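Number of protein chains: 2
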Amino acid sequence: QLLQSATNNRDAFRQALVNTLERRLFYMPSFKIYRGVAGLYDYGPPGCAVKSNVLAFWRQHFVLEENMLEVDCPCVTPEIVLKASGHVEKFTDLMVKDEKTGTCYRADHLLKDYCKDKLEKDLTITAEKAAELKHVLALLDDLSAEELGAKIKEYGITAPDTKNHLSDPYPFNLMFQTSIGPSGLTPGYMRPETAQGIFVNFKDLYYYNGNKLPFAAAQIGQAFRNEISPRQGLLRVREFTLAEIEHFVDPQDKSHPKFSEIASLEFLMFPREGQMSGQSAERVQIGEAVAKGIVNNETLGYFIGRVYLFLTRLGIDKERLRFRQHLANEMAHYAADCWDAEIECSYGWIECVGIADRSAYDLCAHSDKSGVALVAQEKYSEPREVEKLVIAPVKKELGLAFKGNQKMVTEALEVMDEKVALQMKADLESKGEVEFYICCLGKNVTVKKSMVSISKEKKKEHQRVFTPSVIEPSFGIGRIIYCLFEHAFYTRPSKAGDEQLNVFRFPPLVAPIKCTVFPLVQNQQYEEVAKFISKSLTAAGISHKIDITGTSIGKRYARTDELGVPFAVTVDSRSSVTIRERDSKDQIRVNMENVAAVVKEVTDGQSTWDDILKAYPLHSSGSVDEE
Amino acid sequence: QLLQSATNNRDAFRQALVNTLERRLFYMPSFKIYRGVAGLYDYGPPGCAVKSNVLAFWRQHFVLEENMLEVDCPCVTPEIVLKASGHVEKFTDLMVKDEKTGTCYRADHLLKDYCKDKLEKDLTITAEKAAELKHVLALLDDLSAEELGAKIKEYGITAPDTKNHLSDPYPFNLMFQTSIGPSGLTPGYMRPETAQGIFVNFKDLYYYNGNKLPFAAAQIGQAFRNEISPRQGLLRVREFTLAEIEHFVDPQDKSHPKFSEIASLEFLMFPREGQMSGQSAERVQIGEAVAKGIVNNETLGYFIGRVYLFLTRLGIDKERLRFRQHLANEMAHYAADCWDAEIECSYGWIECVGIADRSAYDLCAHSDKSGVALVAQEKYSEPREVEKLVIAPVKKELGLAFKGNQKMVTEALEVMDEKVALQMKADLESKGEVEFYICCLGKNVTVKKSMVSISKEKKKEHQRVFTPSVIEPSFGIGRIIYCLFEHAFYTRPSKAGDEQLNVFRFPPLVAPIKCTVFPLVQNQQYEEVAKFISKSLTAAGISHKIDITGTSIGKRYARTDELGVPFAVTVDSRSSVTIRERDSKDQIRVNMENVAAVVKEVTDGQSTWDDILKAYPLHSSGSVDEE
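If you're matching them up, the sequences are chains C and R in order. Adding 979 to a residue's 1-based position in the first sequence gives its number in the working numbering. Adding 979 to a residue's 1-based position in the second sequence gives its number in the working numbering.
Some hints here could point you the wrong way.
One copy or two, either will do: identical chains are not told apart, so a pair holds if it fits within one copy or between any two.
As the list claims (entries may be wrong) - In silico DSSO-like links for lysine-lysine, alpha-carbon gap of 30 Å or less:
1) Lys-1524 - Lys-1358
2) Lys-1348 - Lys-1062
3) Lys-1524 - Lys-1233
4) Lys-1398 - Lys-1386
5) Lys-1108 - Lys-1579
6) Lys-1237 - Lys-1524
7) Lys-1510 - Lys-1579
8) Lys-1011 - Lys-1182
9) Lys-1579 - Lys-1514
10) Lys-1524 - Lys-1579
11) Lys-1132 - Lys-1091
12) Lys-1514 - Lys-1191
13) Lys-1427 - Lys-1386
14) Lys-1510 - Lys-1191
15) Lys-1011 - Lys-1191
16) Lys-1142 - Lys-1237
17) Lys-1069 - Lys-1011
18) Lys-1593 - Lys-1579
19) Lys-1191 - Lys-1439
20) Lys-1233 - Lys-1514
Simulated from the structure, these hints should not be mistaken for lab results. Only a predicted model underlies this, so the values are computations on that prediction, with no experimental measurement involved.
Take the sequences, apply the hints, and build the full model.
Shown next, in the form of structure tokens:
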């Protein structure tokens, strides 16, 4: 019952928030006059301003601060690039179809909803059954198409809208497909992430950076996922803005020179072990987490710390932000470690930033497919002696033995890794021959001692050539903004107490409009002062709004609070004006010539409102009263 | 021959520029390691920085200055929206195919190339023939598929690469098509422009603006055109950034309150009459052009002036910028007037900004298709008496006469415009019956006097409801940036005189990096000063680069000149440093604590370099000599 009431509260909060957001045009369903398209949203004027403030701060906090190489690549991407990255084959969700209407659903969502619903609402289920459903929920991401289909049949799950039978689950590729050029012969996709544009440019970027590691490249841009059945508003959409960083680093040295600057930050972390043993997230110093090996390396830890600073400075509540480590089954096989910045909102804990050490996977994949080596060199200050494995197939013998297959056997021998080769050497010496599996023939062949010579030789090397590791912080900008809306939103009673007024407590950095300007009463002289102040604010580059309607001052304050405007300038004389701060409702008195400078100082972050309060006389609201 | 040498110079200049741009990663062909895709380009680090500076200034100059309502809509667009806008039917180019290889070409490009080539290179053609070819070039945009095909046959034009026969021209839609959602039943396109996202939101935006006109909405975003055979580098690409403004205005009052602020600006204008009579562009005051009716209205004129200021402040040469009015045959039938900001570069005069008065076309099209009225109201301060046309079909009579077609005849009568209705009234009175064409029946019917009553009645109205006109300045950001590169690029001899060095004379506003910091010689103390200055620049939000390599100072200056960095700080002592300006090579001496403030002042545009020169001692380069 408590759970039920918490759910109700949460739904009521979300409803109030979403009503406000849509009414004030923070965002709205796209193409509304045509009844819209699920999963596509527009940002209206205040939402668009919040978004560009978040992106400007992202550039300042990451790109400028770390001297990153920002690039800008197209959304339209030829198929070969996304074949190399694995998206053509694997970027799928399992889908089921209503057998009569053809409506499509995500198979895992239906199973998840069924389990959650049973657990929450069916009071008759046994403890055993409850445990089973919880187990299914925990394994959801790991289920194959067959297993999902079996569960759907077992539980008798039908189409939510019609109760019709469902098809078996089958994979649906989430990329929007198109065709490049007029011939119809070059398939392409709208990119599902911006990262690939950086990887394929690695060689040029490495050169641009003076052939030195580490360095980071960054990109802000649109990405596209043709979701099967989008829901959860801004959290799951078909087109969204990503901001991604690819930090390239020597796999043998993942230290970070600026790690000490963030090492003492402490915040909620949720390591793999804690999740497995049913604990909850705990406050940990990031320096300690790296020292103990909970976080794989310093560079990964550095970015976790920087992401924490980024999100909290935007206005994300630090008590509702945690860094959760991926479980072994969530992580790609090549990843060294992976942490999600999760923000708690009315939909639960939502992944908003992924911070992954993807090792050399992406660069290797594109090297293989393109034939262009995406590698780095470390020049030794003096040559080093190294032991090198030398595999020398004897072509004549191989030709006699394998005829047409000689080339394939030769190549397979040449690319053996060191362990396999040394084992073969030992076996050949002891037994004289050995069975050897040739992948592209799909069978074993018998290799004799006379066919290959394997040895270790000492060589002098002047440099080391290697594929860099990449550490990737990837930001879902729309998700961050939605969570920010939730964390910033609150209501407070009007002065008369007869209604609840909405407020967004955006920090000045994020606020869509920094300041409003009102003449207290409609009168030409006040209007001129208001216009003078407006001009000086424009010159200072401060977004603001001037409101010369005759509406009561209380109503005007309420309107701007609902847009999260942090400061309101009220013209109540011909020389000085008051500035009101949104959350405290404190007012100070400032000379009209100084307004732009004061507002700039406090919105640029050079001063806090508390600093300002000390420097200017407090104005006690008398006639300038709020409703 | 003079022409030929001008062509050679132009090509050599472009080659030098493009080499520099690609080598320094201003831009590069996308997906290069996979041999690229025609018409897709990446911006590398300096190009990306130039682009974000241009967009930031666009926001400051237009959105902030005019309090525009900025929105952000998706690229993926459902078909119905683009059917309403006319893009599904009409956004096509005429294409011909190589009959053997299937390679596609733009029909008009082949004909244009043929004519130009003949005129330039064939010295044997008669005056008559030359006149004919020139006539074809002038009419190129007006030719139908049949006419183009006939010309191609007549001139024996074949496929440029293979000399094979060509197919007849046929229309190819330039939108990238895709499918939204998993069912495959919802066709969609990647938007060809951002404007439609604003039009479909008109109702909400008008409400957001307090139901008041005029107001402007703006959008920056990606747009897509699946060009048949892209060429001319950044000028004709398949994906590009547009920045568009839709200024909504009462069609009865297109005055602009701030027109006087730009009325005295004087620049090159090329009105329709001048083009028709073979004159060239002339310097005209925009105020005069509007007063004389050369430019249709004040609002259009205001934006022309603002665009002029925008482009020249970015660094576009005002002598190579003109505003060219569309000829009657270029302009859509609904447009009231249209001017292109054209910038001259090595490819000729290139359309970079279009400024069109599109009248009520777009809002009407979406009102019709969606059934949602996209209109504005003007409330009268007191009711006005107006004469209203009243058309009252007599359903009984119509039913008897037309049976199943009654509804269509009734509707056609009801939507007659005033002129048609009054003519019918007169005809019915004089003749008793009249032939009337019913569009959706495709034939005439006979309407008798008993079937409809037409009258004019006086009514009191409290408001006027109307569809606003829209004035649309639309900016091709990539084209502007390319022209900027051309106008900013020059070479100058190295000090030794043995080579030509490349320089971009970007204004600080646009420069990708504002400042570089070099220790004069490699030494720990200088390096510490350099790092101190770097930190203070980061804190001031100034993008910069620190170069502590041991390369000679001359080489380091040359490197930064080639990126268009306006200021170089050289650390040659432990307390003060020199700041060198790129184009004059002047140096001043500044205390290390003041560097960030000085650079900020001059890059923010608060001071010019000349102001700075007066305030700080000039440093005569002695030991700090350039190569």
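**OP:** Provide an ascending list of the numbers of those earlier hints which the structure does not satisfy.
**Re:** 5, 16
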